[in-house]
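**Q** The chain contents come next:
Protein chains: 2
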Amino acid sequence: MANLTEFNLAESIAVLTRTPASLNTLLRGLPDTWVRGNEGKDTWSAFDIVGHLIVGERTDWMPRARIILEHGEARPFDPYDRFAQSREGGDRSLEQLLDDFARLRAENLAALQSLTLQPEDLERRGRHPRLGVVTLSQLLATWAVHDLTHLHQLSRVMAHQYRDAVGPWSAYLGVLHCEGHSAP
Amino acid sequence: MANLTEFNLAESIAVLTRTPASLNTLLRGLPDTWVRGNEGKDTWSAFDIVGHLIVGERTDWMPRARIILEHGEARPFDPYDRFAQSREGGDRSLEQLLDDFARLRAENLAALQSLTLQPEDLERRGRHPRLGVVTLSQLLATWAVHDLTHLHQLSRVMAHQYRDAVGPWSAYLGVLHCEGHSAP
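So the sequences go chain by chain: G and D. Per my numbering, residue 110 is the first one in the first sequence, and the count goes up by one each step. Per my numbering, residue 110 is the first one in the second sequence, and the count goes up by one each step.
Don't read these hints as lab results, they were simulated from the structure. There are no misleading hints in this set.
Here are the simulated lysine to any residue pairs, SDA-like style, with alpha carbons at most 25 angstroms apart: (1) Lys150/G with Ala280/D; (2) Lys150/G with Asp200/G; (3) Lys150/G with His290/D; (4) Lys150/D with Tyr281/G; (5) Lys150/D with Ala280/G; (6) Lys150/D with Arg201/D; (7) Lys150/G with Tyr281/D.
If we strip away everything but chain G, and leave its shape as in the complex, we get (with noise of 0.2 angstroms):
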């Protein structure tokens, strides 16, 4: 784990500031087929996951950043709450959306920088309620795939709008045979 220090919290520091505005650019002023439809009873929509992404950033990251940097093992993380979103925002616009997770993200890089971690600090360990022992770096890097998560999840929803539209074509779309590993 020697060589995973600052460099790879830059990497994963350079996706993390990203994402939102590369969700905004493809998401804002949308039109409701791409926005709001789904895969079917209990999945989620664009809607869900970027509000999922908040809920991630307001809940999760940071302050399971911090309990480590507090706690170590000492204290298990709170659990993840996949659908705090569903009972939060549902009066909000998806650009109401878009700007929350953007300033909130921000926020959170801001406190994150704030911390000057040095690479002994990513070794530094803490207890997850149901995978044990993890890492910050761990922390950190799961941070960043989570968006890739999301963001894989995203495409898939939204192509599977066009399921049928493309015809024959749709032999040669993966993403229409991929089976939405981001169910738990």
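Based on the hints, put chain D in the right spot on chain G.
**A** Just chain D now, with coordinates in the frame of chain G:
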């Protein structure tokens, strides 16, 4: 198919318009880990994916639309060369590719809109060299979903670079369990 008319054309254009800027926001300036990393031998990096999208703008979507409008089923489309990007632009930067993609997409969408397609035009038929008879609306829907299938691939390829870095969280990150449906 009666209601697959201008409304859906507008929906497709809404996605097609946003893809270049969204990829630009996601990728420009990222460290090489994310831009040049792939999923192993004979797989594509983010750089390769943008190159492939450029080839599609040059040789596939609008040229095929014109073949449908000018020749109908009488002239099959030229086959799509899925590996052309590996022979072109190898000495170009990602930033140059992103600029090329944005320019070519804008030109193609301007050309598409200059056709002022009517509902009946969308039902016109052409011949795919392997899939057989297809319609113009299917071609245009596929153009949009092709963007999404490569966004899906891109998020997976990027996530792959941190497959080990996330530690035990890999169990919860669906993108790390995607088997790469974008490959033929």
